[in-house]
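Listed here are the chains, written in short residue letters.
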Amino acid sequence: MSSQINMSTQKPVNINRHNPALAMILSILFAGLGQLYNKRFVKGIILIIVEVSFILTLGNFINYGLWGIRTLGTIPVVDHSIFLMIYGLISIIILAFAITLYIFNVIDAKRTAEKIRRGAKIPGFKESLRNTWDKGFPYIFVTPGLIMLLFIVVLPILFTVSLAFTNYNLYNSPPRKLLDWVGLENFHKLLTIGVWKETFLSVFTWTIVWTIVATTLQIALGLFLALLVNDPRIKFKRLIRTVLILPWAVPAFVTILIFAAMFNDKFGTINRNLLSIFHLNIAWLQDPFWTKIALIMIQTWLGFPFVFALFTGVLQSISKDWYEAADVDGGSRLQKFRFITMPHIFYATAPLLIMQYAGNFNNFNIIYLFNQGGPAVRGQNGAGGTDILISWVYNLTFNINQYNMAAAVSIILGIIVCAFAFFQFRRTRSFKEEGNI
Amino acid sequence: MKKVLSLVLALVLVMGVLAACGPKRDTEATADKPKETKKTEDVAKPDKLVVWVNNEDKQKQALQDIFDKYTEKTGIKVEAVPMDMLDQVKTLALDGPAGKGPDLFFQPHDRIGSIVLQGLADPVDLGDAKSDYVDTAIDAVTYDGKTYGAPLVVETYGTFYNKDLVDKAPETMDELMEIAKNQTDASKDKYGFLMEAANFYFSYPFFAANGGYVFKKDNGTYDVNDIGLNNDGAKKGGELIGSWFKNGYIPVEVNPDIMNGLFTKGNTAVVITGPWNIATYKDALGDKLGTATLPKIDGKVPQSFVGVKSWMLSSYSKNKEWATDLMKFVTNQENSLHYFEVAGEMPANKAALEDDKVKSDKLIAAFAEQVKYGEPMPSAPEMQQVWEPINNALSFIAKGQPVDEVLDEAVQTIKDNIASSK
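Residue numbers (this note's numbering), protein chains in the order written: chain A, 1 to 437; chain E, 1 to 422.
No wet-lab data here; the hints were simulated from the structure.
Certain hints may be false.
In silico BS3-like pairs for lysine-lysine, Cα to Cα no more than 25 Å straight-line [unchecked claim]:
no. : chain 1 : residue 1 : chain 2 : residue 2
1   : A       : K177      : E       : K100
2   : E       : K422      : A       : K189
3   : A       : K121      : A       : K135
4   : E       : K350      : E       : K328
5   : E       : K77       : E       : K48
6   : E       : K188      : A       : K266
7   : A       : K197      : E       : K415
8   : E       : K318      : A       : K177
9   : A       : K266      : E       : K265
10  : E       : K300      : E       : K217
11  : E       : K399      : A       : K266
12  : E       : K399      : A       : K292
13  : E       : K422      : A       : K197
14  : E       : K58       : A       : K177
15  : E       : K236      : E       : K181
16  : E       : K45       : E       : K73
17  : E       : K188      : A       : K177
18  : A       : K177      : E       : K415
19  : E       : K190      : A       : K266
20  : E       : K58       : E       : K48
21  : E       : K90       : A       : K177
22  : E       : K415      : A       : K189
23  : E       : K350      : E       : K362
24  : E       : K217      : E       : K130
25  : E       : K246      : A       : K266
26  : E       : K318      : A       : K266
27  : E       : K399      : E       : K188
Simulated coverage check for chain A against chain E, where a stretch passes if three residues somewhere in it have a Cβ under 8 Å from a Cβ of chain E [to be verified]:
no. : stretch
28  : 75-89
29  : 162-173
30  : 258-267
31  : 377-383
32  : 396-404
Yeah, the Cβ is synthetic: ideal placement off N, Cα and C, and Gly gets one too.
Model the full assembly from the supplied sequences, consistent with the hints where possible.
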């Protein structure tokens, strides 16, 4: 091996001795040592300074944080488990950054050493700085945003996720008591213990039914009205559109509270003035079935204007030529709708429609404001007949202080919404990059 | 190579986590040590005391007057930080350990249990002043045999009546039922008697009058395993409440808005609710409005739930002696009367509650009287598990389901919940 190199290069001895493995090991031992070995002195010194200052300034904090998140405190009152958990999470995020940089440092040392060994010309400090600036430009500018994102978005999520694995509830809350890690016990409870299991399953079923039925209805109604109003034979389009957008213009919580009053079984205007004509008296707020019907109707009413506006916009953009061509070919009304209108509308709006489903899945406002998740159902614990998962979480957190269980349910919620969004986004064209459609 | 590298680094990280060691502390010094009670005279005066007050204009104003007087008397500044009463506990749990908490905070007594569980408040020594407060109020702020805080305000509910529709307040339950029978005409929206009967807070007296109770109480300690909401007395109370719905005296759909609306329109003769409605009712009915204690059952005024709002001593306070002194000052006769006049809430101070200023206010006087018959809402943290099941049971009773079964189920649920939440 050495003879080959001897023949092909001009400075054989020097190259041979330079060992990438050694550079790598030196860099692992202490950032910058490998670079020094590579004779990249400025870079090496900078890296050494960075690591020393990192250890000096953040070493204690990270040590304390890691200890905190592992033990969640050892002395009640003095240690506050919640604080320790947050310190720990912050430490882990900082550590993740540090480790990423460290890996780059090691890779850099190794690569440079390999280049030296191959005899390639190594750029000087100034030149390499310019290279980094040119190649790394987007990354350098993204980094501050990324750091912000980590602390504003990721940290709270990590915190909730962590809570689900603790025993944090009213009887075990800091500062007086310390929290403990309990692993998957909360999820286990949710799926096996009688009270929790039954309530979870019935709430979960209704949540799914609610999401699918209410959202589909609001989209169907929006679509139907958009098609109607878009028909060339319809006059006063502007007026009709304005009227149809009105439900959207009133804040939802106002509407819901008014509806709650209107649906009152005895004093509400719906039973009293409308249905009494037909000698009907429906228990809108007392019978879980009718409460569900009422909720779905209200949500349809609240939700269709947005879909209507969306579809109206898209309908305008479909070229008339397509329909004329279809007419020439003798396409029927239904065929034109199926092969021209539908694909256009849905390809353009699918992501927004998915957001509608996700929104209703977690539509806390309407459930809570209309009837507080009621009416009560015999044999069901902690959740009423129309509680969806998110309003149940609210109940768990604020009424019975079961923070750990609430966090566990939240995680399940999060996973469902993520999965939902992920698969659907993958399937819609709007999120594919150009050229892959 | 990359894999080996990342493995090595992951190992380093895991080692780091495991090796991370905690701060060195003297465990002995920080363990619970008995707190010595000192007298204020022995302790140096702090420059200022921080008090969290409920964020309500009239209350803030009344308290500011009192705090100014205290500063005049002792030279200690009082910094009043307005914060909604219901947010205070949450905030204190984080601010206290961080050293930003107050010396005193203001809470309804039924949260004492959970506050003590979280270790946020310290017991206080009211000394001789203890006898200055209404017994029910002292009872309310007593938890595990210790006094947590000085009560400022008591609150309970009673009977309101419309003098146009009934000559005098119904004195017994039978009289009230007579009124309900004669004056109720649901088709014309006329009612003899309305209340939120499916809300346990208001329905409790009818359980208690017959021998029902939430938790058995012995010497100021609740036995949370002994729940008396499905004993014979409670069931008798449940039947009584059920009969109002069955006879059509009270519609199932009644809620506070509807009740207030019907009463202020003059369509209802008698309602049972709290003094916070006085202002609204008086605006609508004027002199026709009368108040009284709850109608007697078996010759006795039934026990209503009494709520007490009190000052509590933060366990993070560094000036506990002076903070205690301040809370006693705020709740003394003169100052709680001033608070009553400005903020309109009934004083928990015995002498103040008996004062002419309270008694001459005829509408309030009935509630002041009712407080004597009342009993404090249980402050055990387990009470949190009681409300929902029992309220649900009441709504089932309202719909005509068998009282027996429904109450048994509710008590079982409460027991399950208490067990599963520990």
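Okay, the hints, checked on the actual structure:
1. K177/A - K100/E: holds, 20 Å
2. K422/E - K189/A: holds, 13 Å
3. K121/A - K135/A: holds, 19 Å
4. K350/E - K328/E: At roughly 13 Å apart (the allowed maximum being 25 Å), K328/E and K350/E satisfy the hint.
5. K77/E - K48/E: Holds - the C-alpha atoms of K48/E and K77/E are around 4 Å apart, at most 25 Å.
6. K188/E - K266/A: Judged against 25 Å, a Cα distance of about 12 Å means the pair holds.
7. K197/A - K415/E: holds, 17 Å
8. K318/E - K177/A: At roughly 21 Å apart (the allowed maximum being 25 Å), K177/A and K318/E satisfy the hint.
9. K266/A - K265/E: Roughly 17 Å between the alpha carbons, so the hint for K266/A and K265/E holds.
10. K300/E - K217/E: Given that 25 Å is the threshold and the Cα spacing comes to 21 Å, the pair holds.
11. K399/E - K266/A: holds, 14 Å
12. K399/E - K292/A: Given that 25 Å is the threshold and the Cα spacing comes to 19 Å, the pair holds.
13. K422/E - K197/A: Within the cut-off at roughly 17 Å; holds.
14. K58/E - K177/A: violated, 37 Å
15. K236/E - K181/E: Answer holds: K236/E to K181/E is near 20 Å, not above 25 Å.
16. K45/E - K73/E: Given that 25 Å is the threshold and the Cα spacing comes to 12 Å, the pair holds.
17. K188/E - K177/A: violated, 58 Å
18. K177/A - K415/E: holds, 23 Å
19. K190/E - K266/A: Since the Cα atoms of K190/E and K266/A sit roughly 13 Å apart, the hinted pair holds (cutoff 25 Å).
20. K58/E - K48/E: holds, 23 Å
21. K90/E - K177/A: The hint holds at about 15 Å.
22. K415/E - K189/A: holds, 17 Å
23. K350/E - K362/E: Holds, at about 18 Å.
24. K217/E - K130/E: holds, 21 Å
25. K246/E - K266/A: The hint holds at about 15 Å.
26. K318/E - K266/A: violated, 57 Å
27. K399/E - K188/E: holds, 22 Å
28. 75-89: The restraint on the stretch 75-89 of chain A holds, since 7 of its residues have a Cβ under 8 Å from chain E and three suffice.
29. 162-173: Check passed, 4 qualifying residues.
30. 258-267: holds (count 5)
31. 377-383: holds (count 4)
32. 396-404: Coverage by chain E holds for the stretch 396-404 of chain A (4 residues, Cβ < 8 Å).
Of the numbered hints given earlier, the model fails hints 14, 17, 26; all others are met.
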